[in-house]
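**Student:** Each chain, letter by letter, is given below.
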Amino acid sequence: MDFHILDIFPVLLFFISFFGIITSGNIVKSIVMVIIMQTSVIMFWLGVGARFGTTPPIFEDITEIADPNAIADPLPQALMLTAIIIGVAVTAINITMLNALFRKYKTVEWDTMQELAVKDEGLEVQDLGGVTSESTI
Amino acid sequence: MNNLIIVLLVFWIISSIWCVFAQKTYRVIIFFGVFSLLTAAIYLFLGAPDVAMAEAGISAFTTIFFIVCVEKYYSRGEGLKHEMATKTNKPRKITRYIFPFIFCVALLVLFLNFAPTGYVVTELRDQYLQMFMHDVGGLNAVTAIYLGYRVYDTLFEALLLVVAVVAVIHLSWYEKTAVSDGKHSEMERSRMAKFTMRIICPIILLFGTYLVLNGHISAGGGFLGGLAFASFIICRFLVLGIYDLPIEKAIRMEEIVFINIVILPILAIFTGIMYLAWDATEIFQNIYLIAMSGLIGMKVTLGFFVLFYRYIAIERLPEEGEGE
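Residue numbers (our numbering), protein chains in the order written: chain R, 52 to 188; chain U, 50 to 373.
No lab work stands behind these hints, which were simulated from the structure alone.
Don't take every hint at face value.
[As the list claims (entries may be wrong)] Derived SDA-like pairs (lysine to any residue); straight-line CA-CA distance at most 20 Å:
no.: 1; chain 1: R; residue 1: Lys155; chain 2: R; residue 2: Glu166
no.: 2; chain 1: U; residue 1: Lys73; chain 2: R; residue 2: Leu149
no.: 3; chain 1: R; residue 1: Lys155; chain 2: U; residue 2: His219
no.: 4; chain 1: R; residue 1: Lys157; chain 2: U; residue 2: Val119
no.: 5; chain 1: U; residue 1: Lys73; chain 2: R; residue 2: Asp162
no.: 6; chain 1: R; residue 1: Lys155; chain 2: U; residue 2: Glu120
no.: 7; chain 1: U; residue 1: Lys73; chain 2: U; residue 2: Lys121
no.: 8; chain 1: U; residue 1: Lys73; chain 2: R; residue 2: Val85
no.: 9; chain 1: U; residue 1: Lys121; chain 2: R; residue 2: Ile56
no.: 10; chain 1: U; residue 1: Lys73; chain 2: U; residue 2: Ala105
no.: 11; chain 1: R; residue 1: Lys157; chain 2: U; residue 2: Tyr75
no.: 12; chain 1: U; residue 1: Lys121; chain 2: U; residue 2: Ile79
no.: 13; chain 1: R; residue 1: Lys157; chain 2: U; residue 2: Leu220
no.: 14; chain 1: R; residue 1: Lys155; chain 2: R; residue 2: Ala168
no.: 15; chain 1: R; residue 1: Lys155; chain 2: R; residue 2: Val169
no.: 16; chain 1: U; residue 1: Lys121; chain 2: R; residue 2: Ile73
no.: 17; chain 1: R; residue 1: Lys155; chain 2: U; residue 2: Val117
no.: 18; chain 1: R; residue 1: Lys157; chain 2: U; residue 2: Glu120
no.: 19; chain 1: U; residue 1: Lys73; chain 2: R; residue 2: Ile73
no.: 20; chain 1: R; residue 1: Lys155; chain 2: U; residue 2: Val119
no.: 21; chain 1: U; residue 1: Lys121; chain 2: R; residue 2: Asn145
no.: 22; chain 1: U; residue 1: Lys73; chain 2: R; residue 2: Phe69
no.: 23; chain 1: R; residue 1: Lys155; chain 2: U; residue 2: Lys121
no.: 24; chain 1: R; residue 1: Lys155; chain 2: U; residue 2: Ile218
no.: 25; chain 1: U; residue 1: Lys73; chain 2: R; residue 2: Trp161
no.: 26; chain 1: R; residue 1: Lys155; chain 2: U; residue 2: Leu220
no.: 27; chain 1: U; residue 1: Lys121; chain 2: R; residue 2: Leu149
no.: 28; chain 1: R; residue 1: Lys157; chain 2: U; residue 2: Ile116
no.: 29; chain 1: R; residue 1: Lys155; chain 2: U; residue 2: Ala216
no.: 30; chain 1: U; residue 1: Lys121; chain 2: R; residue 2: Leu152
no.: 31; chain 1: U; residue 1: Lys121; chain 2: R; residue 2: Glu111
no.: 32; chain 1: U; residue 1: Lys243; chain 2: U; residue 2: Phe281
no.: 33; chain 1: U; residue 1: Lys298; chain 2: U; residue 2: Ile218
no.: 34; chain 1: R; residue 1: Lys157; chain 2: R; residue 2: Asp171
no.: 35; chain 1: R; residue 1: Lys157; chain 2: U; residue 2: Lys73
no.: 36; chain 1: U; residue 1: Lys121; chain 2: U; residue 2: Phe110
no.: 37; chain 1: U; residue 1: Lys73; chain 2: R; residue 2: Ser81
no.: 38; chain 1: U; residue 1: Lys243; chain 2: U; residue 2: Cys284
no.: 39; chain 1: R; residue 1: Lys157; chain 2: R; residue 2: Val169
no.: 40; chain 1: R; residue 1: Lys155; chain 2: R; residue 2: Ile144
Chain R extracted, bound-state conformation:
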């Protein structure tokens, strides 16, 4: 298998952040892990764009550049710039939802919050094919 070095690290990071999401008991940590997962995807696309070379795509005349093939691909950069701003919007909404939950249950732990939700509202913990659903809270 012959993979580019810029492919391997983001994919590794994706799995690390996925591990972090499923094992963290703290919701703040889960939100941080979601941001890290998004960063890994952005890094993957920038890596794909940078395989030609790492010259920034800002120039006055393309003929004056020594190696025009070494210019990084501008299309993933433009799309990922948009994705970063959208990521902030997602993070803001995540934190706001967590604040609303914290106001109700006074905790940021998944398990404690789930116990309190079951106790307060009489919700039953759903068993969806072996996965304990946390969407009930």
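Using the hints provided, position chain U relative to the given structure of chain R.
**Tutor:** Chain U only, in chain R's frame:
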């Protein structure tokens, strides 16, 4: 590949592993800051200065978001005042990990089978790099793409920021906005920080103006200029403790700016005024690029202003005995 990038990537992975195995919430946030800084450095060395600047600014904002929230709310929760453990002691069901494990294996198989090896040749890249000065204008190919070729993406991104602001306002706790006097904020305001801010704030404003006006000929643009302006407003909140800005007008103004962001590309691109073979076309292109950068900068500034105003100035825990 440059050895420096590989060293940075290794530290990048190490910092993320720190973040996963950190036991306290503050440590998670600080390691996340380290991670984001390394990310911005790698973006820069990959030839993406615009994305690197955006990531650096955004990571600072996100870190402040988290620290403000932990400082103001989460540290007052049950059992969190002294020890904010992120690890639960309860044993978890093994079955809980089956679906994630299957998901990981499927992703790994997809990556091993379908990851592009070698060079990815796209004709679009060559066409953009050859033609963007003629088609859209400016010297920065990235700005030319997100303001010219793919302006739809920018429209929807602006729409998403509006939706996020609306969602944050409607999910916030208080219907009647009680603007705080800043006293409940537990952040110490030192005289030195105030003095430094008074010197730095004009420089931040100047830098933001430079970024907006030069977005089409160098790294920068509306997003980054807006971030600089927003950081100025947040400095006012956090360091100087000034909350006198009119939030209702800001929300109203954000809607107007969004309508302008929709109308301007329609007028400029769909009527074809940028593609006419006049001598004056270049002037039109530059006016369009600077106007769009300015509008996006205003949009981002107002969006972040409203978000931070909700977080820092308005939202607070109810005092003892105060009803919901």
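**Student:** A separate judgement is required for each hint: does it hold in the structure or not?
**Tutor:** Comparing the hints with the structure gives:
no.	hint	in the structure
1	R:Lys155 / R:Glu166	holds, 13 Å
2	U:Lys73 / R:Leu149	holds, 18 Å
3	R:Lys155 / U:His219	holds, 16 Å
4	R:Lys157 / U:Val119	holds, 12 Å
5	U:Lys73 / R:Asp162	holds, 17 Å
6	R:Lys155 / U:Glu120	holds, 18 Å
7	U:Lys73 / U:Lys121	holds, 16 Å
8	U:Lys73 / R:Val85	holds, 18 Å
9	U:Lys121 / R:Ile56	violated, 42 Å
10	U:Lys73 / U:Ala105	violated, 24 Å
11	R:Lys157 / U:Tyr75	holds, 18 Å
12	U:Lys121 / U:Ile79	holds, 17 Å
13	R:Lys157 / U:Leu220	holds, 17 Å
14	R:Lys155 / R:Ala168	holds, 10 Å
15	R:Lys155 / R:Val169	holds, 13 Å
16	U:Lys121 / R:Ile73	violated, 27 Å
17	R:Lys155 / U:Val117	holds, 19 Å
18	R:Lys157 / U:Glu120	holds, 14 Å
19	U:Lys73 / R:Ile73	holds, 17 Å
20	R:Lys155 / U:Val119	holds, 16 Å
21	U:Lys121 / R:Asn145	holds, 17 Å
22	U:Lys73 / R:Phe69	holds, 19 Å
23	R:Lys155 / U:Lys121	holds, 15 Å
24	R:Lys155 / U:Ile218	holds, 18 Å
25	U:Lys73 / R:Trp161	holds, 15 Å
26	R:Lys155 / U:Leu220	holds, 13 Å
27	U:Lys121 / R:Leu149	holds, 13 Å
28	R:Lys157 / U:Ile116	holds, 17 Å
29	R:Lys155 / U:Ala216	holds, 18 Å
30	U:Lys121 / R:Leu152	holds, 15 Å
31	U:Lys121 / R:Glu111	violated, 49 Å
32	U:Lys243 / U:Phe281	holds, 13 Å
33	U:Lys298 / U:Ile218	holds, 14 Å
34	R:Lys157 / R:Asp171	holds, 13 Å
35	R:Lys157 / U:Lys73	holds, 17 Å
36	U:Lys121 / U:Phe110	holds, 16 Å
37	U:Lys73 / R:Ser81	holds, 13 Å
38	U:Lys243 / U:Cys284	holds, 9 Å
39	R:Lys157 / R:Val169	holds, 15 Å
40	R:Lys155 / R:Ile144	holds, 17 Å
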